[in-house]
Amino acid sequence: MPAYEGAACILRVSLLKDLEIGNLLAFAESDVLLRIERQHAPSQWELSVQQSGFISVSSEIETWRSLRVGVLTVSDKASQGLRDDTAGPALSRAVILIGGIVEEQSIVPDEKETIEKKLRHWVDQKDLHLILVTGGTGLSERDVTPEALEAVAHRKIPGIGEFMRSRTVYYTPRSILSRGLAVTRGKSLIIAVPGSQKGALECFEAVVPVLRHGVEILRDWEKECGH
Amino acid sequence: MPAYEGAACILRVSLLKDLEIGNLLAFAESDVLLRIERQHAPSQWELSVQQSGFISVSSEIETWRSLRVGVLTVSDKASQGLRDDTAGPALSRAVILIGGIVEEQSIVPDEKETIEKKLRHWVDQKDLHLILVTGGTGLSERDVTPEALEAVAHRKIPGIGEFMRSRTVYYTPRSILSRGLAVTRGKSLIIAVPGSQKGALECFEAVVPVLRHGVEILRDWEKECGH
Amino acid sequence: MPAYEGAACILRVSLLKDLEIGNLLAFAESDVLLRIERQHAPSQWELSVQQSGFISVSSEIETWRSLRVGVLTVSDKASQGLRDDTAGPALSRAVILIGGIVEEQSIVPDEKETIEKKLRHWVDQKDLHLILVTGGTGLSERDVTPEALEAVAHRKIPGIGEFMRSRTVYYTPRSILSRGLAVTRGKSLIIAVPGSQKGALECFEAVVPVLRHGVEILRDWEKECGH
Numbered sequence: 001m002p003a004y005e006g007a008a009c010i011l012r013v014s015l016l017k018d019l020e021i022g023n024l025l026a027f028a029e030s031d032v033l034l035r036i037e038r039q040h041a042p043s044q045w046e047l048s049v050q051q052s053g054f055i056s057v058s059s060e061i062e063t064w065r066s067l068r069v070g071v072l073t074v075s076d077k078a079s080q081g082l083r084d085d086t087a088g089p090a091l092s093r094a095v096i097l098i099g100g101i102v103e104e105q106s107i108v109p110d111e112k113e114t115i116e117k118k119l120r121h122w123v124d125q126k127d128l129h130l131i132l133v134t135g136g137t138g139l140s141e142r143d144v145t146p147e148a149l150e151a152v153a154h155r156k157i158p159g160i161g162e163f164m165r166s167r168t169v170y171y172t173p174r175s176i177l178s179r180g181l182a183v184t185r186g187k188s189l190i191i192a193v194p195g196s197q198k199g200a201l202e203c204f205e206a207v208v209p210v211l212r213h214g215v216e217i218l219r220d221w222e223k224e225c226g227h
Numbered sequence: 001m002p003a004y005e006g007a008a009c010i011l012r013v014s015l016l017k018d019l020e021i022g023n024l025l026a027f028a029e030s031d032v033l034l035r036i037e038r039q040h041a042p043s044q045w046e047l048s049v050q051q052s053g054f055i056s057v058s059s060e061i062e063t064w065r066s067l068r069v070g071v072l073t074v075s076d077k078a079s080q081g082l083r084d085d086t087a088g089p090a091l092s093r094a095v096i097l098i099g100g101i102v103e104e105q106s107i108v109p110d111e112k113e114t115i116e117k118k119l120r121h122w123v124d125q126k127d128l129h130l131i132l133v134t135g136g137t138g139l140s141e142r143d144v145t146p147e148a149l150e151a152v153a154h155r156k157i158p159g160i161g162e163f164m165r166s167r168t169v170y171y172t173p174r175s176i177l178s179r180g181l182a183v184t185r186g187k188s189l190i191i192a193v194p195g196s197q198k199g200a201l202e203c204f205e206a207v208v209p210v211l212r213h214g215v216e217i218l219r220d221w222e223k224e225c226g227h
Numbered sequence: 001m002p003a004y005e006g007a008a009c010i011l012r013v014s015l016l017k018d019l020e021i022g023n024l025l026a027f028a029e030s031d032v033l034l035r036i037e038r039q040h041a042p043s044q045w046e047l048s049v050q051q052s053g054f055i056s057v058s059s060e061i062e063t064w065r066s067l068r069v070g071v072l073t074v075s076d077k078a079s080q081g082l083r084d085d086t087a088g089p090a091l092s093r094a095v096i097l098i099g100g101i102v103e104e105q106s107i108v109p110d111e112k113e114t115i116e117k118k119l120r121h122w123v124d125q126k127d128l129h130l131i132l133v134t135g136g137t138g139l140s141e142r143d144v145t146p147e148a149l150e151a152v153a154h155r156k157i158p159g160i161g162e163f164m165r166s167r168t169v170y171y172t173p174r175s176i177l178s179r180g181l182a183v184t185r186g187k188s189l190i191i192a193v194p195g196s197q198k199g200a201l202e203c204f205e206a207v208v209p210v211l212r213h214g215v216e217i218l219r220d221w222e223k224e225c226g227h
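Residue numbers (our numbering), protein chains in the order written: chain A, 1 to 227; chain B, 1 to 227; chain C, 1 to 227.
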């Protein structure tokens with residue numbers, strides 16, 4: 001059964017229990033993601049296709065909570081409208097892969113305190129699950145994103161930065177110079193990737209297999225999800 | 001000549017000099033380890049088999065000082081007797097590979113200050129050569145082992161954490177999230193690995209080829225051992 | 001056309017513009033480096049061969065600013081004349097690969113404050129572009145080079161240390177214990193590699209493809225160089 005993005009369908013899901021509106025259905029061995037929209041009758045739910053693909057009847061299904069995501073673009077030029085931000089929108093599209101719904105999106109200049117303030121607000125007030133920061137991870141004089149993340153961090157996750165670099169070094173040796181990193185603040189996961197669309201997506205894709213799991217542990221959702 | 005674990009043998013070791021009771025004999029190209037127990041006559045020593053295997057007469061032999069090891073399990077549940085600690089005992093058995101003798105073993109809850117206190121005691125009072133800490137390296141709210149190690153550290157050895165992750169990522173991508181690390185305090189080497197038996201052993205095995213060497217450098221034993 | 005080291009040649013370079021005395025000409029797909037010495041006539045320049053090799057007429061040419069380099073050897077023994085420093089001179093020869101000209105060279109003991117003072121002087125007074133530090137990155141009691149770099153650092157570049165280790169681990173597993181690292185101070189790049197000639201060169205070679213680029217970004221030379 002093909003599932004087209006944007007389409008809605010009504011499914012008899014008699015085998016699934018504990019369905020909750022807003023949750024996602026993720027199909028093993030495919031990228032298909034359906035969002036639970038509303039209930040029409042007992043065991044009859046309306047679902048919308050978030051990510052299309054082909055569903056096999058025998059697929060195992062996981063129910064995912066959707067992740068509340070923030071995408072922060074750090075760029076002097078983009079914040080002044082002097083260049084288009086393509087990395088931020090590209091990340092916003094990519095997070096659906098892990099069940100992410102973008103709730104906050106912003107562009108700030110390369111100012112350490114401005115970045116910190118935004119991160120604190122998104123964690124402490126908005127309680128976002130995952131924040132992706134793009135830009136400011138290089139060596140230019142104005143690049144201070146790593147320092148801003150460290151300033152708001154409660155704990156560091158060194159393996160995410162390491163792995164983003166060790167994976168993307170095959171695309172370009174210059175990734176060695178990228179200072180991407182991940183930290184936690186409270187129960188929120190904050191990850192900084194490069195500012196170019198290509199670099200941002202390559203780094204995001206390198207760690208995407210574990211990001212959802214990271215959030216689930218931080219939020220203590222593990223048991224619920226049956227992992 | 002096969003050497004069985006637990007067995008004792010009396011060996012004429014006329015070619016070896018500077019034998020010292022308590023030291024270990026390590027055979028190149030095999031995992032066999034014999035412990036020097038006592039002297040019966042000139043060039044006649046009683047040895048006990050610590051790690052069994054097959055010894056060839058032409059094997060090169062290194063004399064190893066035994067390493068005084070501590071194994072610290074960090075787990076709220078295990079410290080309350082609510083789950084069995086299997087990682088700690090597994091590490092205790094594994095350290096014989098590098099000539100380690102476990103002198104201290106303990107289980108503490110995931111409390112940063114409790115972990116720090118135990119590490120300080122084992123280094124400053126007990127002068128252990130190597131401390132293996134298992135548990136508390138993840139992202140759960142209670143996981144604070146890396147922060148405890150950093151608090152007692154005099155120097156950090158980033159390559160050990162990096163290598164534990166880059167090696168074990170082949171077993172599971174989730175190892176990226178593991179915050180394992182190594183530090184020194186005085187002349188002691190402290191290494192934190194994950195809390196699951198599988199994760200603890202995989203990480204230990206990733207770095208085991210260099211752990212003994214690390215201790216030898218910290219203790220300035222290098223010259224004596226002829227390396 | 002072969003270009004021999006030490007030789008000088010007068011070249012008609014009608015296609016190149018913006019030639020500046022002291023800059024280097026780097027030939028793509030070869031290691032040849034020529035230094036622009038003086039102008040004899042319009043489009044006629046005297047060049048000296050810094051690094052020899054074979055130049056093809058169709059080679060693409062980049063003009064490089066020469067990098068002002070400092071090489072600091074950290075070693076108690078070498079600073080007292082008790083052993084020859086071979087790593088420092090080897091690095092001094094190797095930097096020509098990236099257009100480096102050694103302007104400062106020094107040997108200091110393994111004293112954290114002495115190392116810091118030298119680094120501050122070379123950055124803040126001498127404005128060197130790149131400083132290579134060899135020695136003091138191990139686990140011996142006296143090894144404090146990483147701590148000295150961190151003390152003078154404005155920003156850290158974790159990927160350089162990571163990559164030096166992950167590359168050289170194929171030569172020797174012991175590279176895991178090496179605490180090599182890179183930091184920036186102002187617009188200067190400071191990199192610490194091991195003290196042995198072999199270890200120093202292996203680590204330098206691991207990251208050499210990105211060092212020049214790192215300096216160019218720090219100095220904001222990128223645009224000029226047409227990258």
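Derived by calculation from the structure, the hints in this document are not laboratory data.
Be aware that one or more of the hints could be misleading.
[To be verified] In silico DSSO-like links for lysine-lysine, alpha-carbon gap of 30 angstroms or less:
#1 A:Lys117 x B:Lys112
#2 A:Lys112 x A:Lys156
#3 A:Lys187 x B:Lys126
#4 A:Lys156 x B:Lys77
#5 B:Lys187 x C:Lys187
#6 A:Lys117 x C:Lys112
#7 C:Lys187 x A:Lys198
#8 C:Lys117 x B:Lys187
#9 C:Lys112 x C:Lys187
#10 A:Lys126 x A:Lys198
#11 A:Lys156 x C:Lys198
#12 C:Lys77 x A:Lys112
#13 B:Lys126 x C:Lys156
#14 B:Lys126 x A:Lys77
#15 B:Lys187 x A:Lys187
#16 C:Lys198 x C:Lys77
#17 C:Lys117 x A:Lys117
#18 A:Lys112 x C:Lys198
#19 C:Lys77 x B:Lys156
#20 C:Lys187 x B:Lys156
#21 C:Lys117 x B:Lys126
#22 B:Lys112 x A:Lys156
#23 A:Lys156 x B:Lys198
#24 A:Lys156 x A:Lys198
#25 A:Lys156 x C:Lys156
#26 B:Lys187 x C:Lys77
In this text the structure is predicted, and so the values were computed from the model without any measurement.
Now the hints, each set against the structure:
no.: 1; hint: A:Lys117 x B:Lys112; result: holds (28 angstroms)
no.: 2; hint: A:Lys112 x A:Lys156; result: holds (18 angstroms)
no.: 3; hint: A:Lys187 x B:Lys126; result: violated (37 angstroms)
no.: 4; hint: A:Lys156 x B:Lys77; result: holds (24 angstroms)
no.: 5; hint: B:Lys187 x C:Lys187; result: violated (36 angstroms)
no.: 6; hint: A:Lys117 x C:Lys112; result: violated (36 angstroms)
no.: 7; hint: C:Lys187 x A:Lys198; result: holds (26 angstroms)
no.: 8; hint: C:Lys117 x B:Lys187; result: holds (27 angstroms)
no.: 9; hint: C:Lys112 x C:Lys187; result: holds (22 angstroms)
no.: 10; hint: A:Lys126 x A:Lys198; result: holds (29 angstroms)
no.: 11; hint: A:Lys156 x C:Lys198; result: violated (33 angstroms)
no.: 12; hint: C:Lys77 x A:Lys112; result: violated (43 angstroms)
no.: 13; hint: B:Lys126 x C:Lys156; result: violated (35 angstroms)
no.: 14; hint: B:Lys126 x A:Lys77; result: violated (58 angstroms)
no.: 15; hint: B:Lys187 x A:Lys187; result: violated (36 angstroms)
no.: 16; hint: C:Lys198 x C:Lys77; result: holds (18 angstroms)
no.: 17; hint: C:Lys117 x A:Lys117; result: violated (35 angstroms)
no.: 18; hint: A:Lys112 x C:Lys198; result: violated (40 angstroms)
no.: 19; hint: C:Lys77 x B:Lys156; result: holds (24 angstroms)
no.: 20; hint: C:Lys187 x B:Lys156; result: holds (26 angstroms)
no.: 21; hint: C:Lys117 x B:Lys126; result: violated (37 angstroms)
no.: 22; hint: B:Lys112 x A:Lys156; result: holds (16 angstroms)
no.: 23; hint: A:Lys156 x B:Lys198; result: holds (23 angstroms)
no.: 24; hint: A:Lys156 x A:Lys198; result: holds (25 angstroms)
no.: 25; hint: A:Lys156 x C:Lys156; result: holds (15 angstroms)
no.: 26; hint: B:Lys187 x C:Lys77; result: holds (21 angstroms)
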